[in-house]
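Protein sequences appear in the order of chains A and B. According to this note's numbering, the first sequence is numbered sequentially starting from 6. According to this note's numbering, the second sequence is numbered sequentially starting from 6.
Keep in mind that the hints are not guaranteed to be accurate.
Here are the simulated lysine-lysine pairs, DSS-like style, with alpha carbons at most 25 Å apart [unchecked claim]:
no., chain 1, residue 1, chain 2, residue 2
1, B, Lys97, A, Lys11
2, A, Lys11, B, Lys137
3, B, Lys384, A, Lys63
Sample of chain B residues facing chain A (criterion: CB under 8 Å; computed from the structure) [to be verified]:
no., residue
4, Asn109
5, Lys113
6, Phe115
7, Gly248
8, Pro249
9, Gly250
10, Ile269
11, Asn279
Label pairs and their computed distance ranges (CB to CB) [what the hints assert, rightly or not]:
no., chain 1, residue 1, chain 2, residue 2, range
12, B, Phe300, A, Asp44, 31 to 41 Å
13, B, Thr167, A, Glu222, 52 to 62 Å
14, B, Asn56, A, Asp44, 13 to 23 Å
15, A, Glu264, B, Asn149, 35 to 45 Å
16, A, Asn56, B, Asp44, 16 to 26 Å
17, B, Lys201, A, Glu338, 53 to 63 Å
Worth flagging that the hints you see were computed from the coordinates, not collected in a lab. The beta carbon of each residue, even a glycine, is placed where N, CA and C say it ideally should be.
Read off the chains here:
2 protein chains.
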Amino acid sequence: MYAFSKSVEQLRSSEIRDLMRLATQPGIISFAGGMPNNDLFPIKEIDEIFNNLPPEKKKSAFQYGPTPGYPPLLKSLKKFLKKKGLPVDSNKLLITTGSLQAINILTKEFIDPGDIIITENPSFIGAISVFKSYQARMESVPVNKDGIDIGFLKKKIEHLPTKPKFIYVTPNFHNPAGITYSKARRKELLDYLGDKNIILIEDDAYNDLYFDNEAKEMAIPMKCNEPDNVTICYTGSFSKILGPGFRLGWLLVNEEIYEKCELIKQAMDACSPNFTQVLANEFLAQGKIYPYLDFLRKEYSQRKFMMDKALKKYMPDYVKWNEPNGGFYFWCELPPNYDSSEIMKIAIKNGAVFVSGKTFDPAGVKNNNFRLSFSNMDKDQIDKGVKIIADSIDEYAKGL
Amino acid sequence: MYAFSKSVEQLRSSEIRDLMRLATQPGIISFAGGMPNNDLFPIKEIDEIFNNLPPEKKKSAFQYGPTPGYPPLLKSLKKFLKKKGLPVDSNKLLITTGSLQAINILTKEFIDPGDIIITENPSFIGAISVFKSYQARMESVPVNKDGIDIGFLKKKIEHLPTKPKFIYVTPNFHNPAGITYSKARRKELLDYLGDKNIILIEDDAYNDLYFDNEAKEMAIPMKCNEPDNVTICYTGSFSKILGPGFRLGWLLVNEEIYEKCELIKQAMDACSPNFTQVLANEFLAQGKIYPYLDFLRKEYSQRKFMMDKALKKYMPDYVKWNEPNGGFYFWCELPPNYDSSEIMKIAIKNGAVFVSGKTFDPAGVKNNNFRLSFSNMDKDQIDKGVKIIADSIDEYAKGL
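Using the sequences and the hints given, assemble the complete structure.
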């Protein structure tokens with residue numbers, strides 16, 4: 006009946022919503038949700054911060070803030086990012102309402118309908134939904150254990166009718182692929198992009214969740230070594246290191262790109278929530294974040310270890326995966342003729358759920374993979390849940 | 006250097022930002038900001054709520070929530086809106102990251118580049134910036150003391166090359182015009198729109214801030230009496246009744262429109278901040294909002310009274326205004342040849358600041374008006390500040 010806009014006509018009913026409903030059903034062991042663990046939030050720390058806020062800061066929490074972000078948070082976040090080697094002085098930082106908004110802002114800045122975006126395959130479902138909402142043409146490039154396939158990328162770009170506006174990658178603790186780009190692959194990517202005038206969007210939402218020092222070293226953002234002839238737009242998030250309920254993320258970009266970002270942000274929601282920005286600032290500025298991150302890394306690392314053990318114990322030989330060195334996810338590969346959606350149906354019947362592969366394929370097709378998230382999980386459920394899934398694969402295979 | 010998208014190319018440097026910088030300079034009496042009063046936030050109430058949250062609710066505050074909103078807040082907000090007579094059962098409610106996002110979502114849903122939007126003149130600057138960011142063609146219709154000029158509206162629509170996609174109005178305690186639509190004008194508008202298939206967006210961010218019972222009666226949303234042959238999309242906000250720092254607003258629309266809204270919202274920021282939603286829910290569900298609103302109305306009403314008195318005392322005879330019956334604003338009219346930007350420069354030099362008229366003209370031209378906000382103001386500054394502005398008008402007039 007209504008004359009919807011062209012960008013909206015093609016949006017279909019919500020796969021993510023349906024999945025989340027399923028994933029949070031009582032009585033089911035859920036490896037589906039990509040959220041932090043409900044029992045690991047820094048509740049005590051935030052209680053303490055809240056109850057010691059000076060009156061003036063509390064008033065600020067209730068009020069509008071400047072569009073770029075709550076100034077003390079911009080300052081403390083700069084310090085936090087500078088420690089990672091990020092070029093916070095030569096670039097500009099914008100606080101966003103979650104890092105999905107950061108991706109949305111950058112997409113609005115560069116994409117007209119039909120413009121090409123290169124994504125990884127698999128890729129973050131949130132970013133895929135953003136790109137769709139701007140009527141972008143997505144072209145995906147496979148990811149292997151060291152990162153995006155450079156040979157494939159070159160061929161892809163050569164054969165496109167127009168140059169892609171940007172490449173969207175998540176080099177660290179990839180969602181869903183569970184991999185981290187090798188140093189060599191990062192260099193290859195930057196070398197290839199040199200002078201091509203194709204922007205690189207580096208989504209680094211999981212940066213702090215490495216499981217060992219080698220992973221920490223590997224996870225140094227490409228933005229830290231941005232060559233003169235490549236433009237990197239860097240996005241990050243408080244969702245995994247404080248809480249998604251704060252809806253705080255950021256983007257770090259050069260001044261020319263930043264100017265438009267601020268204007269776009271202003272017309273999106275005026276400013277990010279000051280209430281949570283005030284709390285996040287204290288969390289950083291008081292240094293509470295550092296011991297908390299040590300705690301988080303230990304907790305998630307334990308879960309990863311337990312899941313790897315359970316996978317080795319129960320999975321049929323033909324199921325392959327890459328042990329992640331950080332983040333939340335195992336990405337499991339089935340034989341090419343297997344359909345993970347069908348396996349998921351069986352698994353749900355048996356009491357466990359995950360996300361099927363095609364959800365993360367920008368074209369929504371490739372389905373012989375599935376994602377297991379170990380983040381929001383009681384440790385004592387991992388073994389049981391993985392067994393249910395392994396048994397469900399067996400059950401499926403028998404019916405082939 | 007960069008190939009920006011078409012929708013972004015035309016965004017210019019930030020008038021709002023410059024204004025806010027000016028408005029918050031120390032030592033200047035600012036009637037510029039459209040924000041609630043810094044000293045009137047319900048800080049004690051929120052402290053009490055926060056410190057009595059059961060652990061499970063606190064965990065929810067840190068976590069992602071469903072895209073439509075934190076379910077208990079959807080429930081308590083429905084109850085709150087139902088009391089106003091809003092059709093919450095036959096429509097669907099979506100919690101947004103401030104009501105500006107609600108307007109943004111609706112614009113994305115309906116507007117392709119070049120599509121026509123009818124706005125009031127003057128109109129809310131935030132909405133103007135949203136409409137620009139979607140490359141809409143804005144056509145404005147003057148507002149007089151009873152509401153939008155229906156005769157002008159009819160002629161305007163008759164002469165347009167294509168039918169407008171929607172009309173955006175703020176019938177209650179208008180920002181910046183300070184007026185409230187009369188019952189007759191509301192009816193005329195709805196009668197005229199009947200069967201025209203032009204959507205009405207009713208922005209009702211100030212609904213609860215009436216100054217007397219007559220104003221309360223007048224401010225009954227049009228959405229409460231939505232005729233079968235007109236579609237009304239209703240937006241509201243917690244910014245003026247709790248705090249803008251919570252970044253919470255809502256939209257109430259029919260199911261067909263809602264389905265797209267939810268998908269758009271999902272790609273914008275996944276969900277609104279759960280942290281502030283959990284607190285807002287308790288504020289409503291525990292009924293703390295009702296005495297707080299009584300308190301707010303009294304406080305703002307006192308400021309309005311004092312400003313009206315000061316205007317009468319100091320303003321030259323040729324300055325006209327309408328005494329508002331709710332909200333935050335006086336909208337003052339100067340003789341046609343006066344330029345309020347020039348007066349503002351003089352006023353700033355003399356120690357007070359306001360917003361010049363053209364800021365609220367979608368075409369950015371008409372400038373013989375200015376907006377005085379009495380909301381974020383110490384009572385004892387009003388008289389002094391208005392005198393400075395009146396003197397500045399005199400000073401300007403002498404130079405004409």
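Tested hints:
no.	hint	result
1	Lys97(B) x Lys11(A)	23 Å, holds
2	Lys11(A) x Lys137(B)	17 Å, holds
3	Lys384(B) x Lys63(A)	22 Å, holds
4	Asn109	6 Å, holds
5	Lys113	6 Å, holds
6	Phe115	6 Å, holds
7	Gly248	3 Å, holds
8	Pro249	4 Å, holds
9	Gly250	3 Å, holds
10	Ile269	7 Å, holds
11	Asn279	3 Å, holds
12	Phe300(B) x Asp44(A): 31 to 41 Å	39 Å, holds
13	Thr167(B) x Glu222(A): 52 to 62 Å	59 Å, holds
14	Asn56(B) x Asp44(A): 13 to 23 Å	21 Å, holds
15	Glu264(A) x Asn149(B): 35 to 45 Å	38 Å, holds
16	Asn56(A) x Asp44(B): 16 to 26 Å	21 Å, holds
17	Lys201(B) x Glu338(A): 53 to 63 Å	56 Å, holds
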